[in-house]
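Protein chains in written order, with the working numbering: chain L, 1 to 505; chain W, 1 to 505; chain V, 1 to 505; chain X, 1 to 505.
Hints are computed from structural coordinates only; laboratory data are not their basis. Since the model is a prediction, treat every value here as computed from it, not as a measurement. The reader is advised that the hints may include incorrect statements.
A pair counts as met if it fits within one copy or between any two copies, since identical chains are not told apart.
The list that follows gives simulated cross-link-like pairs (lysine to aspartate or glutamate, EDC-like), each with its CA atoms no further than 20 Å apart [stated by the list, open to error]:
{"#": "1", "residue 1": "21", "residue 2": "100"}
{"#": "2", "residue 1": "134", "residue 2": "494"}
{"#": "3", "residue 1": "93", "residue 2": "263"}
{"#": "4", "residue 1": "502", "residue 2": "103"}
Number of protein chains: 4
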Amino acid sequence: MNREGQQQPKAKQLKGEEVAKHNNREDCWVIVHGRAYDVTAFLPEHPGGPNIILKYAGKDATETYEPIHPPDTLDKYLDKSKHLGEVNMSTVKQDQKEEDPDEQERQERIRRMPILEQCYNLMDFEAVARRVMKKTAWAYYSSGADDEITMRENHTAFHKIWFRPRILVDVEKIDLSTTMLGTKVDIPFYVTATALGKLGNPEGEVILTRGAKKHNVVQMIPTLASCSFDEIVDAKEGDQAQWLQLYVNRDREITKRIVQHAEKRGVKGLFITVDAPQLGRREKDMRSKFSDVGSNVQNTGGHDVDRSQGAARAISSFIDPALSWKDIPWFQSITKMPILLKGVQRVEDVIRAVEMGVQGVVLSNHGGRQLDFARSGIEVLAEVMPVLRERGWESRIEIFVDGGIRRATDIIKALCLGANGVGIGRPFLYAMSAYGLPGVDRAMQLLKDEMEMNMRLIGCSSIDQLNPSLVDTRGLSLHSTTVPADTLGLNVYDALAGPQSKSKL
Amino acid sequence: MNREGQQQPKAKQLKGEEVAKHNNREDCWVIVHGRAYDVTAFLPEHPGGPNIILKYAGKDATETYEPIHPPDTLDKYLDKSKHLGEVNMSTVKQDQKEEDPDEQERQERIRRMPILEQCYNLMDFEAVARRVMKKTAWAYYSSGADDEITMRENHTAFHKIWFRPRILVDVEKIDLSTTMLGTKVDIPFYVTATALGKLGNPEGEVILTRGAKKHNVVQMIPTLASCSFDEIVDAKEGDQAQWLQLYVNRDREITKRIVQHAEKRGVKGLFITVDAPQLGRREKDMRSKFSDVGSNVQNTGGHDVDRSQGAARAISSFIDPALSWKDIPWFQSITKMPILLKGVQRVEDVIRAVEMGVQGVVLSNHGGRQLDFARSGIEVLAEVMPVLRERGWESRIEIFVDGGIRRATDIIKALCLGANGVGIGRPFLYAMSAYGLPGVDRAMQLLKDEMEMNMRLIGCSSIDQLNPSLVDTRGLSLHSTTVPADTLGLNVYDALAGPQSKSKL
Amino acid sequence: MNREGQQQPKAKQLKGEEVAKHNNREDCWVIVHGRAYDVTAFLPEHPGGPNIILKYAGKDATETYEPIHPPDTLDKYLDKSKHLGEVNMSTVKQDQKEEDPDEQERQERIRRMPILEQCYNLMDFEAVARRVMKKTAWAYYSSGADDEITMRENHTAFHKIWFRPRILVDVEKIDLSTTMLGTKVDIPFYVTATALGKLGNPEGEVILTRGAKKHNVVQMIPTLASCSFDEIVDAKEGDQAQWLQLYVNRDREITKRIVQHAEKRGVKGLFITVDAPQLGRREKDMRSKFSDVGSNVQNTGGHDVDRSQGAARAISSFIDPALSWKDIPWFQSITKMPILLKGVQRVEDVIRAVEMGVQGVVLSNHGGRQLDFARSGIEVLAEVMPVLRERGWESRIEIFVDGGIRRATDIIKALCLGANGVGIGRPFLYAMSAYGLPGVDRAMQLLKDEMEMNMRLIGCSSIDQLNPSLVDTRGLSLHSTTVPADTLGLNVYDALAGPQSKSKL
Amino acid sequence: MNREGQQQPKAKQLKGEEVAKHNNREDCWVIVHGRAYDVTAFLPEHPGGPNIILKYAGKDATETYEPIHPPDTLDKYLDKSKHLGEVNMSTVKQDQKEEDPDEQERQERIRRMPILEQCYNLMDFEAVARRVMKKTAWAYYSSGADDEITMRENHTAFHKIWFRPRILVDVEKIDLSTTMLGTKVDIPFYVTATALGKLGNPEGEVILTRGAKKHNVVQMIPTLASCSFDEIVDAKEGDQAQWLQLYVNRDREITKRIVQHAEKRGVKGLFITVDAPQLGRREKDMRSKFSDVGSNVQNTGGHDVDRSQGAARAISSFIDPALSWKDIPWFQSITKMPILLKGVQRVEDVIRAVEMGVQGVVLSNHGGRQLDFARSGIEVLAEVMPVLRERGWESRIEIFVDGGIRRATDIIKALCLGANGVGIGRPFLYAMSAYGLPGVDRAMQLLKDEMEMNMRLIGCSSIDQLNPSLVDTRGLSLHSTTVPADTLGLNVYDALAGPQSKSKL
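Please take these sequences and the hints and turn them into a complete structure.
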């Protein structure tokens, strides 16, 4: 915010009529939190595309702006000369809100929400969130790339792994604690980075910070958070550990500033996203509304008009598609934080990562939001570990997996195969969206309870006992479909039916 | 029951108003079968959790208490000093029963029940039981762990085994008899242990005893029966054989007493449950009703409140999570009964069992009620037998399998692969719940008829002729899923349809 | 029929009232085609069980009797002394037929039947038959054993075989003709034996005889035909070839008489059924009606009451369960017809058949009506042929396959793998039941047209060009199921949807 | 058209009544575009069968004739002596058009069509086309052979191929261009040949010509286009490249004329169809209407009456079933255009094609419209390339694939495996049918946008970087089905359900 603006007397407030005149692509003002901004020059650079701003040209954009921009956004990205000062909000014409039957139904669903105690597993939070979230917010969180095959495969892949449990082991005391990048945690999962937390809850990512604290797990702070980085760091307590997920900007100075600021603020690990040189097409999200907010923030290349302008436009400046292995030494030169690559998808690149001296990798396909038909992280893990073990390299690097984890059995499977820990994203977003912090708390507790029980049932009392002999992965890497259905044959088959009740008396 | 209480004159009966005052956690009395008990101190130890008792604090709990506690429970577990004597039941205020539309519909379904002769296979009893059982009882019997993947896999696994039948063998006379732990039986299945028989039928497990007698098969008596152990033993006739399923108590003296009592009463085999150091989460059961009775008896760790109290609470004292291989010699020292491990799930542990000198194992995952993604017993059998045969150990141990058996072909498959017999649990519970003893009788007879027929059709006239060359198990160990559905593609595909009838004249 | 009876004057006709007195198990008369019979002594021997006869004790049974007994049945199986002579039918009380709403609906469906030209493939006839056949007749034809897994697998198995077609081969002229057991046929299928043709069409199996003639294929005459053997042989024209399917009677003299009579009447091949020492349980059929006729004819052991009487009862005298390899030389001694074993299901038995000098085998599981989880004939074929070829025995025996053939591609697949021909049963029954001879004719013509086209498309102009390199069978022998469905996961997944239409204007 | 006819004065016009007299098989006139033709002698030669013409005997056939005959058809195929001259159309009785409720509903659906921008992928166009196309046109485009297993498998096969993407590669600039048969194209797909474009859009194939120009891809001109060959060539602009798909006529002179005319007109490649010695049975199409137009054009053998006349009739003269490898040198002698075989389906034939010196092959099964259970082109590709590479022949021939391509990932998969490019047919037809040229334009643009993004996400910046290590094809060649469904088991299973909402307040 413009300092001078803060000192201006009320008399100098802008009037609604004045702002309303600047309502087109050549001359575009918007009001945010009671202040006017001239965004004309910024329009073509807006990561979410110009259209969504133009919709509010000359008007108050606060409600739409709020959930998807950290509070320091305007200060950071808009030159102070464009900060036009306070607006007398009583002079601003309010759009008559139409009655929206969808919204009314949603409010009804909120009134009838199940109580928190009715959620017995992570899927339950998702079921509730789906009913009570705004449609566009749901679409943004829940969508995946293209046909969403990879997104669904992520969880399904765990179903191809079966246990070979041990019996008659003393499992009275179960210790779920382990260490990730030197941090002792109570259970081997971390809260992975997901964007735009305020779409689900007005407080945003700091709720996840508090949940992570309560259960002593690490939170990975997303570049595209709704809260500002500092707000999220400020929300941590004591020696709570946080990591940073990083989209690398074309302008390496910006990146350097972000990285070094994070290190100064105590962040314990730098996770460079390497699976998103361009952000994926999420059609469910695109379809959810033309003028949808969420859909455009990341889908910089997804909007029709923009797409037809080709690649240059499709690549937003805040993610550098030219990022390559050659950049790794530079990162190593600017920070002492452990550096990890997030989004590695084949063993060859894990080998290379070890050779480059990075501290870890996350085997991940970005929650199925980028390349469809990318394999699941857990499948890649099963490909990676035998090769690392053969070379004796398994302790030269930490291996994390994310994508599709919903049950403690999923966590255990990953650890049996050799992962140091797993990242969980959407489930906590859904828990937060439906029930706030208590939801996140319960979700984490459910995982702990499930995991303690399953550790007992698999015959292991501590994390270091988990090993490959406890799982059967023979079906894991088979991507098959069945022969297309025999429609005519099925039509004429008379399915078996059980005993019929007597007809009503 | 308090002996003195029995001698008290009517004048000394307690009044309802008096009992009703003790209606909270700090002071809690309940009435069972016309007698009052002070259970305040017992509340925290109740395996089903305190809440379910508190619901009846100061009231008559008989109806709920009855089906899930053996008659000797109060004598065994509640100190005589807490037995408060008879209550004048006419002074006890009866809860006005609300009209329950669900219950009315169930009564209507009972009136329209198919007659017994309409049940042609074991699934049919389940279909009827599902309609006529109380919802909570059905939920308790039918539920499995987590996503119930293992529970369903148990039967499905048999579908991956196909026959290679022999032809032109004289199969006029079929002999289904075989020997299990030295007992001659008429057909190679036994009634395996399942808890809380009175939920399905007021008489409880003794019905199974009678059914087993009629068809000359062994019944395994469950630790958690609704009838008392002695009632079940008393119900046997002649030289009828019974086995005991044992949950090992932390207090080994209790366990010793149970085991030696069983041996004295003529029990022919001791099956130590090794797949349940903690009882599994059965969400369907938990969800069926918050205040549900059945759901809490075993799910000692499943209730929300309790779970959040962590592991100490989650482990009920009556199952010792510290049970380990080291305990086996002790068992061998206290009994001469054959000792078997129930719930073995991988070949390494079968090998170890042989080395420890136990007489047998049951390859089982507890009917899919414990660890989800545990493999089916039949799959483990296919892993175990070749290893045993290679070592020449196949006759050093008896191998049983349970889980998912519904057809005589399932039994034959298990025996072809090398099992000595199979355990069947839920199907007989369902037959009993729907039709009582005649249901159990018919269910067993159907299996015999199916098996006799299928022995003929596979070309074997006696059990000892069954061998691995008669089955094709190549698909058995493949745990695969298909690629997630191509939703958009399926949406636009116009399925084929057969010839259309003329429009109505 | 009683000769004397035939000579009795009208005055001597029995009266309805007289017959009606003999209406119980101890004294049971029935009327068939205007004549009375004392069947009291025969009751326990009736292959369909006594109950179905008792239903008509003292009454006219003609309508039920007719479709399921060849005309010479009473002469053959009931001693002449029990033939009581003509009945004055005007004195017989007619059962008041109840109005049957099911039957009325069926009549309506018949009125609206698609015309024959709307049937474009074999499944279409089945679709029509299902709508227009009597429910019990449909249940008898369409049912399979147990869970009907094998019955469905039979056709599904063909879906696992894919083509590797040749191109640029001159396929102007296609010759579909081949030779089976020395008979030249126009296309390599034969009409295999199926029981009780009159359930579908009042004329019965002779319709199939005429259809087979028209398309120059062989008909296999069933032991359990509705028409008598001689009627079916009489219906053949010119040098039309027929084979005989034989259930071997315990009384070998009866069998000998049947076989030698068949040879005398010109039958060209003897197919001894070896997969039915006991007839299978077809629950769909059993369920279709308690008092159902069709269901009892073969399911001699299937009826509840009877089943509980055990094995002795379950084995009908007309099929000898003791039939074994030792009987084969005897068959070879009583006939010069080629002898084939119908129902062979593994390579070991094919080898043995060759060694015994039989002329052929039918790889078959009896249309899925006997042993559930028997593999499909086509799968067994893929197991058998490489072994035969390795030994150089492929021309020492003719190999046929039946079960699940619905498309010409199925026939071609079987021939590519090495079969000499395939048997087709139910599809022609359905065509006959829906449309009579024109239906059978069209069904056969459709197969010819399909086959001619597909021969062109696979790049072969004659049967002898078909060979294993033209098919890919790698998936054939895999009997897998997918991991049980992830119910909760599927519930919360928001399926993709295409573009929405505008709301109605 | 008859030149003299054009010069006749109005007075000489034929009258409707006159034409109407010639209304039977022995004497059949029809009116097309205001002129009468005597087609009596042509009836038996009509590729679509005589019935469809007879329906218009003595009447105006223009509306039905128009979309499925190129404008020069009558001149080419009907002797001038049969051109009878102009008709006074005011004297022609118009058939009273019945109100067709289906058509009214379709018109309503057209009014409510989604706008073009709502189509986000190729399936979306199909979804819209299905709603707005005429039923018979939809049936013609969308149908496949027999059970349509191959048609569906074509796209499904791509789902069995998964990516192994590279990370940290500079993918700022993506170059999608490549070369096909010497022509530089902007993206490695071409518009493959599909028949009867006017069924979907009155302008027909020239729309595809314009779309191909706009995106600089090659169009393959179909023999059975609705537009004439010259119209389509005339529609190209500048150096736009076109290829010709050829059905080889029995009369090689006709074929020679077509080929040499194409070469003269600048066509750059000759694709000889080798998978259609006879046109396939497409039952969906046949069923869509008895008198349907589209269904008969290609299904010359499909109509009942015709089929029963056997093979001679079934083979239309315009496709020579005798075409064989021996004809290839002749083609090489009559043209200098590159010669390619379209419809190759196994590696042996690719080898042979290389040996014969042809320039390329298209691995294709004709869009699943010919032989059912033919494998997908992409699967054949995976069989072919390793063999070619082993011989070092991969650059001696260009390999194309078509069938089932719907996503840019499908294109990338084919190129990774070694294809030079892929053909896309139906999706552009659907885009054209729903939205005309803008639809085709957007469809192509969407593919480009998808492909550019996916190239980035797979870590490749140009086509030549695509290679087999980027894909996992282990599941590709497995054609399996699952064991038939356990109907009874599924019936009795109580599926899990999530938390229930409170009942309505």
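Taking the hints in turn, this is what the structure says about them:
no.	hint	in the structure
1	21 to 100	neither (28 Å within a copy, 54 Å between copies)
2	134 to 494	between (43 Å within a copy, 14 Å between copies)
3	93 to 263	neither (46 Å within a copy, 69 Å between copies)
4	502 to 103	between (45 Å within a copy, 19 Å between copies)
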